[in-house]
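With the hints as extra help, turn the sequences into a complete structure.
Which chain is which? The protein sequence lines are A and B, in order.
FYI, the numbering for the first sequence is 1 to 188, going by my numbering.
FYI, the numbering for the second sequence is 1 to 188, going by my numbering.
The list cannot tell twin chains apart, which means a pair is met if one copy fits it or any two copies do.
Straight line, CA to CA, 27 Å or less: simulated DSS-like cross-link-like pairs of lysine-lysine:
(1) K179 / K53
(2) K140 / K188
(3) K188 / K136
(4) K33 / K53
(5) K100 / K46
(6) K100 / K84
(7) K84 / K33
(8) K140 / K179
(9) K140 / K10
(10) K140 / K2
(11) K142 / K188
(12) K129 / K188
(13) K84 / K53
These are calculated hints, taken from the structure and not from any lab test.
2 protein chains.
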Amino acid sequence: MKLPIALSNKHIHLSQDDINTLFGQDYKLTPFKPLSQPGQFACEEKVDLVGPKGTIKGVRVLGPTRNQTQVEISLADGFTLGVKAPIRESGDLNGTPGIKIAGPNGEVELQEGLIVASRHIHMNSNDAKNFGVNDKDLVKIKTEGQRALVFENVLVRVNDSYQLEMHVDVEEGNAAAVKNGELVELIK
Amino acid sequence: MKLPIALSNKHIHLSQDDINTLFGQDYKLTPFKPLSQPGQFACEEKVDLVGPKGTIKGVRVLGPTRNQTQVEISLADGFTLGVKAPIRESGDLNGTPGIKIAGPNGEVELQEGLIVASRHIHMNSNDAKNFGVNDKDLVKIKTEGQRALVFENVLVRVNDSYQLEMHVDVEEGNAAAVKNGELVELIK
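Following this line, the structure appears as structure tokens:
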């Protein structure tokens, strides 16, 4: 009942409208390297996040483009920026705060879309059958080692396009002192 | 079986020798505010940590002075500095890396003393009796809420001068989304 874990650093998904403003009209993102989830990729492009208390420079853009811009940071990043971002599932942006985004061609005053991504597991329906879980189940994940811990409330997301992997943010990964690709245990 | 949790940000404990170099001969630290553990205090003074990959400015000095300088950072801070700090109990500095420390009067090339503090619980012998634990026991601590988790391998430290409190670093605290003073549950 093991699966690999991956640490997500702060990043941003952009709409084409916001790409136009930040990088220039009809600008196309430049793939830098593929991510583990099929079709997803890190881009050469980076932007700055400008909050009322501080700025975070060089935040990586992930592709492909999305319908709505989404910025994923850690709780510590929110403190640096001076904005309290809620812990939310990707795509659940209703009522979340915005943030100013600065690119080489201009700035976007994002009205909503700043979140701390809640930890979750990607798996396909075969994996789900093997683990005996269903889409939207909440499970526990146990890590080993000096900083061993058990993450509770871990959301299972099942889609046949998904690669089996648990996603945590850098603070969660460091709290467990786990490395990318390390195997962790699913507990129902 | 509950006790309060506290998040420790990066900080430094200094020997008088290193205070002399960083702030001037026979310089005395200026208390800024008392900490929860009796006799411990945050100081007005701050220093910079200068690593091979990056610098962290404004790291708070804690008092009183110690026999040996000890720098406590997070795993993420170690990445920023470009130094791999081990997860260690306070005072267990043998074989740990050093770091360059910059103060207003000079610089110290610390030879060892850079650690990520391992999570632990301070309690007095009465608390220990109430919780049914002993000095150096490893216990589990359970947190509640959206990011509920169970920290394993939590070291119990018993001393009658201690105030009951669990100490985690900022990454561990944010991984659990707990606030200073929040109550957590001890599990044997």
